[in-house]
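Peer 1: The residues making up each chain are set out below.
2 protein chains.
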Amino acid sequence: MERHLDQELTDLKQQLLKMGTLVEAAIFESMESLKELSIERVNKIISEDRVIDEMENAIDEQCLDLLALRQPMAIDLRFITMSMKISTDLERIADLAVDIVQRVQDLVGKPLLKPLIDIPKLTKLAQQMTKDALDAFVNKDAELAGSVILRDNEADKLRNLVQKELVNDYMSKDSSTASRAVPLLLIARHLERICDHATNISEDVIYMINADVVKHHPEKLK
Amino acid sequence: MERHLDQELTDLKQQLLKMGTLVEAAIFESMESLKELSIERVNKIISEDRVIDEMENAIDEQCLDLLALRQPMAIDLRFITMSMKISTDLERIADLAVDIVQRVQDLVGKPLLKPLIDIPKLTKLAQQMTKDALDAFVNKDAELAGSVILRDNEADKLRNLVQKELVNDYMSKDSSTASRAVPLLLIARHLERICDHATNISEDVIYMINADVVKHHPEKLK
Numbered sequence: 649m650e651r652h653l654d655q656e657l658t659d660l661k662q663q664l665l666k667m668g669t670l671v672e673a674a675i676f677e678s679m680e681s682l683k684e685l686s687i688e689r690v691n692k693i694i695s696e697d698r699v700i701d702e703m704e705n706a707i708d709e710q711c712l713d714l715l716a717l718r719q720p721m722a723i724d725l726r727f728i729t730m731s732m733k734i735s736t737d738l739e740r741i742a743d744l745a746v747d748i749v750q751r752v753q754d755l756v757g758k759p760l761l762k763p764l765i766d767i768p769k770l771t772k773l774a775q776q777m778t779k780d781a782l783d784a785f786v787n788k789d790a791e792l793a794g795s796v797i798l799r800d801n802e803a804d805k806l807r808n809l810v811q812k813e814l815v816n817d818y819m820s821k822d823s824s825t826a827s828r829a830v831p832l833l834l835i836a837r838h839l840e841r842i843c844d845h846a847t848n849i850s851e852d853v854i855y856m857i858n859a860d861v862v863k864h865h866p867e868k869l870k
Numbered sequence: 649m650e651r652h653l654d655q656e657l658t659d660l661k662q663q664l665l666k667m668g669t670l671v672e673a674a675i676f677e678s679m680e681s682l683k684e685l686s687i688e689r690v691n692k693i694i695s696e697d698r699v700i701d702e703m704e705n706a707i708d709e710q711c712l713d714l715l716a717l718r719q720p721m722a723i724d725l726r727f728i729t730m731s732m733k734i735s736t737d738l739e740r741i742a743d744l745a746v747d748i749v750q751r752v753q754d755l756v757g758k759p760l761l762k763p764l765i766d767i768p769k770l771t772k773l774a775q776q777m778t779k780d781a782l783d784a785f786v787n788k789d790a791e792l793a794g795s796v797i798l799r800d801n802e803a804d805k806l807r808n809l810v811q812k813e814l815v816n817d818y819m820s821k822d823s824s825t826a827s828r829a830v831p832l833l834l835i836a837r838h839l840e841r842i843c844d845h846a847t848n849i850s851e852d853v854i855y856m857i858n859a860d861v862v863k864h865h866p867e868k869l870k
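Line by line, the protein sequences are chains B and W.
Residue numbers for the first sequence follow the numbering used here, so the first one is 649 and each next one is one higher.
Residue numbers for the second sequence follow the numbering used here, so the first one is 649 and each next one is one higher.
Calculated directly from the structure, the hints in this document are not laboratory data.
A couple of the hints might just be wrong.
[Stated by the list, open to error] Here are the simulated DSS-like cross-link-like pairs (lysine-lysine), alpha carbons at most 25 angstroms apart as the crow flies:
| hint | chain 1 | residue 1 | chain 2 | residue 2 |
| --- | --- | --- | --- | --- |
| 1 | B | LYS692 | B | LYS772 |
| 2 | B | LYS683 | B | LYS758 |
| 3 | W | LYS758 | B | LYS821 |
| 4 | W | LYS758 | B | LYS812 |
| 5 | B | LYS762 | W | LYS812 |
| 6 | W | LYS762 | B | LYS812 |
| 7 | B | LYS692 | B | LYS779 |
| 8 | B | LYS762 | W | LYS821 |
| 9 | B | LYS821 | W | LYS821 |
| 10 | W | LYS821 | B | LYS812 |
| 11 | B | LYS821 | B | LYS758 |
| 12 | B | LYS821 | W | LYS812 |
| 13 | B | LYS758 | W | LYS821 |
| 14 | W | LYS812 | W | LYS772 |
| 15 | B | LYS812 | B | LYS758 |
| 16 | W | LYS812 | B | LYS812 |
| 17 | W | LYS812 | B | LYS758 |
| 18 | W | LYS812 | W | LYS758 |
| 19 | W | LYS821 | W | LYS762 |
| 20 | B | LYS788 | B | LYS666 |
| 21 | B | LYS821 | W | LYS762 |
Remember, predicted model here, so these are calculated numbers, not experimental data.
Given the sequences, and given the hints that come with them, work out the whole structure.
Peer 2: Shown next as structure tokens:
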């Protein structure tokens, strides 16, 4: 009853996609919890993180089994080892969504400091970069992966914008804003770190496709 | 002229240890740059990060070659795949040292807000956890790896202490402290994240030794 490697690789891909969908949802939900300052949403995200943790372990097991039993070569070998790295990045993204809602917990019951503008923008960017990084992986699309890496600058800029505004226009002017400004500042940092992970995934995707090391060599994208 | 797998695994271990030594030095140096508010040290750490980046790529290549050419089984297979995950964690720790010195850049030329007490403690903890995680890997020491995982709580506590003090005793009382307090608050976060990576490495080490999933199951350590 031996199944073919191709089928097993398709299964692995499906598992990663399923994990990706949950992770994207966690990012989205974390922002909704901030918009609504809803403790119910916060608790939901924290409890659902366990499912994502289990998926990382399951994917790692699947990969080790494939390596041991099929002894794959070339692109298949890189696909499997990169899947192990990607599952770790996805799990850490989910952890960052939990980090975000932990900051939201500190804000529940207090009036929001300011209307949310750049943080939702950064959230959208983080979600899209995560989605595109995984799509690039599934479709072996080096161009899409490259576009994710290039968008990382945008994330850095948005994060800086949020930070400067909070420090210069709020905390430095009125000390009573500090306890509400710091969680927002940290949320922007967490979001930017999600974008970093999407960038890491994209680097792995390009490596898988080209067996070429883009990682730490951004000039190769130009 | 074929060499034995054992020798190749020893080489791989040496490479990881070498990378670990550089990463530990980067953590130490980042704190010295904060103590001295020295722009020379800042620049040194940023320029040396490239060496660590290259090492991650080299280790990944080495692992892929071993998987393709030696088709290792059981503990050797796990050792090699875990090496790829560990090299990623080490590289991210080095990135966090760079994050720290970027916050130091924002502080150079300004008087320090307060004497540094808990941040150096957290630095020492981060450095020791990183060192112990790698030692646990090299010596296949599950007990030492377990002790790293248990110390992660201590890191969280120290980070919270720093954050609370900065928000409650400084920023909330005197708005003019914000621009000097925020970088310190972020440095504490970066250090705590280094401890998270040391914890991730230790989970991988235990997995490698026991083929058991401690990751996401801390209750197994009790």
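Peer 1: The structure should be examined with respect to each hint, and the outcome stated for every one.
Peer 2: For each hint, the structure was consulted:
no.: 1; hint: B/LYS692 / B/LYS772; verdict: holds (20 angstroms)
no.: 2; hint: B/LYS683 / B/LYS758; verdict: holds (12 angstroms)
no.: 3; hint: W/LYS758 / B/LYS821; verdict: holds (19 angstroms)
no.: 4; hint: W/LYS758 / B/LYS812; verdict: holds (17 angstroms)
no.: 5; hint: B/LYS762 / W/LYS812; verdict: holds (22 angstroms)
no.: 6; hint: W/LYS762 / B/LYS812; verdict: holds (22 angstroms)
no.: 7; hint: B/LYS692 / B/LYS779; verdict: holds (22 angstroms)
no.: 8; hint: B/LYS762 / W/LYS821; verdict: holds (20 angstroms)
no.: 9; hint: B/LYS821 / W/LYS821; verdict: holds (12 angstroms)
no.: 10; hint: W/LYS821 / B/LYS812; verdict: holds (20 angstroms)
no.: 11; hint: B/LYS821 / B/LYS758; verdict: holds (19 angstroms)
no.: 12; hint: B/LYS821 / W/LYS812; verdict: holds (20 angstroms)
no.: 13; hint: B/LYS758 / W/LYS821; verdict: holds (19 angstroms)
no.: 14; hint: W/LYS812 / W/LYS772; verdict: holds (20 angstroms)
no.: 15; hint: B/LYS812 / B/LYS758; verdict: holds (22 angstroms)
no.: 16; hint: W/LYS812 / B/LYS812; verdict: holds (21 angstroms)
no.: 17; hint: W/LYS812 / B/LYS758; verdict: holds (17 angstroms)
no.: 18; hint: W/LYS812 / W/LYS758; verdict: holds (22 angstroms)
no.: 19; hint: W/LYS821 / W/LYS762; verdict: holds (14 angstroms)
no.: 20; hint: B/LYS788 / B/LYS666; verdict: holds (17 angstroms)
no.: 21; hint: B/LYS821 / W/LYS762; verdict: holds (20 angstroms)
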